[in-house]
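On the provided structure of chain L, position chain G as indicated by the hints.
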Amino acid sequence: MAERCAVIGVGQTHYDAKRIDVSMPGLLREAALRALEDADLTWNDIDAVVIGKAPDTFEGMMLPENYLSDALGASGKPLLRVHTAGSVGGSTANVAVSLIAAGIHGRVLTIAWEKQSESNAMWGLTLSPPFSVAVVAGAGGFFAPLVRTYMRRSGAPEDTGILVALKDRKNALKNPYAHLKMPDVTYEEIRDSFMLWDPIRYLESCPSSDGACAMIVSSEELAKKAPRKPAWVLGTSMRSEPVQFAKRDAVNPMSGRLAAKDVYEQAGIQDPRKEIDCIECYVPFSWFEPMWMETMGFADEGEGWKLTHDGTTALDGSRPVNMSGGVLSSNAIGASGMCRYAEAANQVRGEAGEHQIDGAKVALGHAYGGGSQYFSMAVFGSEKP
Amino acid sequence: MSIESLVKNAKPLRGPHVIEYPFRRSCGPILSRFFSGLRDGKLVGIRSRTSGVLVPPAEYDPETAEPLDDFVDVGPGGEVVSYAWVSKPRSKQPLQHPFAYALVKLDGADTGLLHVVDVGGDESKVSTGMRVAPRWSAERKGDIHDIEAFVPENEAVPAPPVMKVDETPVGSVLTPLRLEYDFTAGKEQSVFLRGIAEKMILGAKRPGDDLVYVPPRGADPRTAEPTPEFVEVADKGTVVTYSIVRVPSENIDFELPYVCINVLLDGSDLPFFHVLQKCELEDVRIGMRVQASWVPDDQLEPSVTSIAYFEPLDQPDVPFDDIKEYC
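Sequence lines, in order, name chains L and G. First residue of the first sequence: 4, per my numbering; consecutive thereafter. First residue of the second sequence: 1290, per my numbering; consecutive thereafter.
Chain L extracted, bound-state conformation (with noise of 0.2 Å):
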């Protein structure tokens, strides 16, 4: 039987389109000093420090764990790092608990960031080796050929995407952290906005972010000690698949769905259109709301969209989903995924200021990576399972 685990902390920096004020290391630190701020601890108390950020191209920083550990109080203690391209912020997490739950440690630190400003994720995204032809224009372009299939075979309405946006901008006016802040955006402005990969504007697009996220993971007997509610880990699941195979089902990929029916498995949800209150999932562009909808059980193929439609995923709806604006509102890459499981277990621990969800039980937080081949999850409780 696994050990129990909890999330005791969080820490998150302010998303920015620069943050140059701060080294790389100094962004990570400040996330860091927040997470044992929260959880009322000092380096001291961390036994091991789990880390993650996205491929090294995006920011050009080769092996970035050589230069952390003193910034991270790692001296003499281990200190690891996780791949998984975008998703890496959750797996990163998941290996963090996975040590917690091992029995192997009673309190780590885990980080997850990036620092978009150094370099350029669009000249990352396009190294086209020799012999091939470059025409799949950064995450976009290959993501908005997904979105249109999406949309041919849901026959959505055109404007879901738009919806979608507005709401997650909006929400990100309640989150201090949050990237984007567009008190007065509109719909029609969203509309109206560049076609940047047709079928995807520049409102429905998530923006290039500095930041890190940070939680602090413990066994049920440290979480006693915590001066504020733990979030309790009921499930954590990553899958992966290859990114090209014949027949492949792009939008509503295998190792999304298998990953959604692991971690219900764990958590013991039968039915987590009931089961679970609220969702932070990671939607770049915002069409990935419906379709993460259907691949994680919330509406049936071909109906994720019935849910922006309906209100089900506004801030006020029955299910909400990114309550703190969510990628499109702040995307430092590596730290998106990670930021998806800490505003989740915000929710349940009470935390979650003013977009917290009243009397949230279950969150899911959800990140996938690569070309919609890695996904991991976890769900949090506010009751110890």
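Honestly, the hints are just simulated from the structure, not real lab data. Cβ atoms here follow ideal geometry from the backbone N, Cα and C, with glycine treated the same way. Some hints could be false.
Unchecked claim - Think about it this way: if two alpha-carbon atoms lie no more than 25 Å apart in a straight line, the pair counts; the simulated SDA-like pairs of lysine to any residue are:
1. L:Lys250 <-> G:Pro1311
2. L:Lys228 <-> G:Thr1353
3. L:Lys250 <-> G:Arg1506
4. G:Lys1613 <-> L:Ala249
5. L:Lys250 <-> G:Phe1609
Said to hold, decoys possible - If you want the ones that stay clear, here's a sample from chain L, every Cβ over 12 Å from chain G, calculated:
6. Glu6
7. Asp59
8. Gly109
9. Arg155
10. Glu357
Chain G in isolation, oriented as in the chain L frame:
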């Protein structure tokens, strides 16, 4: 040329793959003092409780993780504590005549700064324990190159004063990166690419399986079993999905806007990305039939770029239900 003869030529294709980008690192308050000091012709370290005076200054104590802020002037002279001789410098290395990379412990410091020691190319003049001092660059910009090299202390001259004092702290440093790979396409890809040079598009499959992979990668991605059987597929196909790209991207040469299609060639089971041209943007649709437009024969080479683009084919659209497994 036949498939058999293409397969027989098993020598993998190779080519240069260069990744290059000028990353810009923000310094934060501590390293900013170090780089601003270099610009002003001064060297600074930082005092830590556990590890003495660190140069370059560290932001945090290496043992206790405490924040550090006790700056100390060090140098400019120092001692070589260790070195490695570079007898044949490469073009991007700091000096073009033989030199030493050395750890220089500046006076007042407890750690060695990694830098260059220039002894005019004469290895016999460098030694552990030798005294050195900086040879400053004439134009200083606030990065590590503001010191050209360390030289024997008796040859050093004081830092020339800056003509115009810049009071702004150095906020960031440019760190250009360049990686040169010798890319190998692999056996199956090389067969595919040599086929392309003959205007033949080859896929591969597992024995006893119907699914054809284009381009072939040597194994079925689902089962990892080898796909040794090569088959030719058509240069005509169906658009299974697409996007219209209006955002510029480095490394992409197509003029904006362009149509990026995911095209499933007749006889293949794996769609791949290419561009569609000779088509009005509003006419692009899922299910439309397209055909490869090849570069002129004398420009054909073993590269996917030998397909210049795809263009519409005057045939009825394929119903969505017939391609939905590939969309």
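Enumerate the violated hints, using their earlier numbering and listing them in ascending order. 1, 7 and 9
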